[in-house]
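Asks: One-letter residues, chain by chain:
Number of protein chains: 2
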Amino acid sequence: MIKDTLLKESKVSPDALEALYRALGKENVITHIEDRVCYSYDATATLQKAIPDVIIKASSTEEVSAVIKVADKFIIPVYPCGARSGLSGGSVPLHGGIVLDTTRMDRILEINPNDLMATVEPGVVTKRFQDEVARYKLFYPPDPGSAEFSTLGGNVAECSGGMAGLKYGVTRDYVLSLEVVLPDGSVINTGRRTLRSVAGYDLTRLFVGSEGTLGVFTKITVKLIPLPERVETLLAYFNDPEAAADAADGIILGQGIIPKTLEFVDGICINSIRGYGGAEIPEKANAFLLIDVDGEASLVEKDVAGVEKACWEHGAFQVVVAKTAKEREVLWAVRKSISPALFKVAGRKLNEDICVPRSKIKEVLRELYSLGERYSIHSACFGHIGDGNVHVNFLYGYGEEDEKKVAEMVEQMLRKVVSIGGTITGEHGIGIAKAEFLPLEVPSQEFQLMKSLKKFFDPKGIMNPGKIFIS
Amino acid sequence: MIKDTLLKESKVSPDALEALYRALGKENVITHIEDRVCYSYDATATLQKAIPDVIIKASSTEEVSAVIKVADKFIIPVYPCGARSGLSGGSVPLHGGIVLDTTRMDRILEINPNDLMATVEPGVVTKRFQDEVARYKLFYPPDPGSAEFSTLGGNVAECSGGMAGLKYGVTRDYVLSLEVVLPDGSVINTGRRTLRSVAGYDLTRLFVGSEGTLGVFTKITVKLIPLPERVETLLAYFNDPEAAADAADGIILGQGIIPKTLEFVDGICINSIRGYGGAEIPEKANAFLLIDVDGEASLVEKDVAGVEKACWEHGAFQVVVAKTAKEREVLWAVRKSISPALFKVAGRKLNEDICVPRSKIKEVLRELYSLGERYSIHSACFGHIGDGNVHVNFLYGYGEEDEKKVAEMVEQMLRKVVSIGGTITGEHGIGIAKAEFLPLEVPSQEFQLMKSLKKFFDPKGIMNPGKIFIS
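Residue numbers (the working numbering), protein chains in the order written: chain B, 1 to 471; chain C, 472 to 942.
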């Protein structure tokens, strides 16, 4: 694994610091070491840490532009960030310089129920936005696991997916228009406030998922859809992860039901949360599916029956249907506790985020468990099985031996995934975590094309340097 | 209006022609004037025509690559095309050179019901593909009005929208991966065969809607969804176009129903198809909505009732619900006959394709009818009102006076549309038809950014030159 590094010398010269003071006021330019250390890492705790020289908490497009103009002039790395809940190191200030924190830009500027759209600043927390639009009976479907603290700016930068992707798509499918501060500090607007537009190239979607390497989003316009009338939650227990995968197919292909969420959790994950104090998990459970179905009330009832049927047919030994909102919360709390709970199994975990065509899921699971046995390292799997997006967690201890093993396992897994038409990251992004493996998936010419695009937008290489491309 | 032009001198030198012969075999390089004239225009009949020097009907990626390599070497314009049913002149070989016809590349390479995806060559006709996947109970929703002859390659190039956009999205939302021959003849693959991937920049969606100016698509992988169990069709007549617009709002906002299609047709269009021999249209009809609702059978029944209710509430004086597939076809034939029928009103029509936030529809209609009165030129409107996408047809006669009038009307309309947050093209693309107006919508810096991207991908300017950007 990559070692922690501390910044040797400041990337922000006295002249540059003075320029930042002039542009933003001294009180808005943070240089205390305590603050800087807090910005040296993100949710990917096992990755490289790096301490920035300066932190700016911007409160407007003008301030973002002013910061970037200084960075452009003095050639200082700029690391934009939201809640830093990303899982690929996308916001880690790898080469020091300026962290540009957008969390203070947290206004919901407009919710327009008539046109089914809303405009927000990048620092708005995902869950807050979901709740706010729900008051208008509207629905913003992208729902990353970190929705309670992640920001919409971060979601757009990473093209967050989350729980509801199979039925409702991912962040990319909802962004209509962006205000972007480019790496020279200029401000552009992409897209339109209309449900369709084909006027020129689709710059909007080039920025979505660009991981903060092409510019900083300062306004985001998204489309919304009517809030489904009803949601029901089921939890189905299986003896065998492959039976759960079969049941997922049974729901989609057999019953023709596209559930709102179709979450898979394997036995290793289950063991890590036993005694969590929420739902009681049967002793023999070696996998479960957590399924939300939503829509018009009578259809939801029908779909609940269809989902149950598919689960029984494919070997579920217990199916729980939540009867109240409280029961739904309990079932979901179980699912959401997994990611943090996995840390306790062996001390460390490496979270990978592969995605394969759904028909290849069982093949991949088999490979992962066999890898786990071969290396005596647990491969705990959960994720959005409907999309083929599996979060693989290698649970390992401290020490070089385990690190070496996990590094080998990751490489073998990713080679397998790419060989069957999959991707090394379904929703977490490349960041630092997967940069060394991107060339494994993206052929040389496409890789060079992406690198050239980066250079085209950011010739001085100041926007989130060290991410996505390392070679 | 732009005048027809005939090519003065060939862009394909004897050496270049020889190179094409060597690369493709002489029999595959068409130079007869009769064929060339046939390729001098597209469905936008009133636009500029231009005769190409050579036509190549490619049958493989290798052939496409070989042609483009010759074009790159000799700096010859290449005009890729499918069925040439586009409505912005996107496939017109404006500067002569080579027309690269991909209609022979018409194989459906794979339909994968398990993974809900399919891979096709670019020449596959949209309707054929829709029908083929329907045999597997799968659904490819993008449905341009020209689906019976348009090709999927053309659909991707223009990011076709069509009838089902509000509920199901547009072409962009279905393309997972592309094989693209770049302007230097090299072949790349973008995206993945997975429902999600965030591995690097989203090249796929940069190519979707790029109107053949960045490369030629030779393989297209799209996602599919389960075919809805049932579709029902309603036609509601109104005295007043604004009442129809209110009813559309009533369906979406009042009833919370997102119909599969929500087509608006105004009185001028209706008059052009009276006596068409299909459905009998009531004398006093001055607008109609044609609505498809689809989904699970019992829900469709409920939605039909909800749609009917909204129509009655907002002033419909007659609502027809199709009882049989045959009746559905009759209602739809009426809608689909409008575009060609409008020609007969005054001899010529100019088809514009504006899209506005739906709450601005009535304001735009008012402006259009008032423009029509002021200039004594009919503005016939129909289109996808759910998305705010209105096809405006200025019906005018031969002669310079009418041409001048229409040119003024178009400019005034587009300025209005842009001023209220709309776009000058919802689905037809910029092509030649709207190139002069693109800077009206896209601010100078974004416009220059798009032009620079074009130059980045196509430094010699050989891919579909003369389109999108004229200044």
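Hints in this document: simulated from the structure, not taken from any laboratory. No experiment lies behind these values; they were computed from the predicted model shown. Watch out, some of these pointers could steer you wrong.
To be verified - What follows is a set of in silico ranges between Cβ atoms, one per label pair, in the way DEER data are often shown:
1) C:A768 x B:A134: 26 to 36 Å
2) B:S452 x C:P584: 30 to 40 Å
3) B:G397 x C:E772: 35 to 45 Å
4) B:A305 x C:P584: 55 to 65 Å
5) C:E619 x B:K326: 50 to 60 Å
6) B:P439 x C:K926: 24 to 34 Å
Cβ atoms here follow ideal geometry from the backbone N, Cα and C, with glycine treated the same way.
Asks: Take the hints in turn and mark each one as holding or not.
Replies: We went through each hint and held it up to the structure:
1. Distance hint check: the CB atoms of C:A768 and B:A134 are about 29 Å apart, consistent with the given range 26 to 36 Å.
2. Separated by about 38 Å at the C-beta atoms, B:S452 and C:P584 satisfy the suggested range of 30 to 40 Å.
3. Between B:G397 and C:E772 the beta carbons are some 60 Å apart, a value that contradicts the proposed interval 35 to 45 Å.
4. As the Cβ distance of B:A305 to C:P584 is approximately 23 Å, the hint placing it in 55 to 65 Å is violated.
5. The hinted window of 50 to 60 Å between C:E619 and B:K326 holds, with their beta carbons roughly 53 Å apart.
6. About 26 Å separates the C-beta atoms of B:P439 and C:K926, a value consistent with the hinted range of 24 to 34 Å.
This entry does not satisfy hints 3 and 4, going by the numbered hints stated previously.
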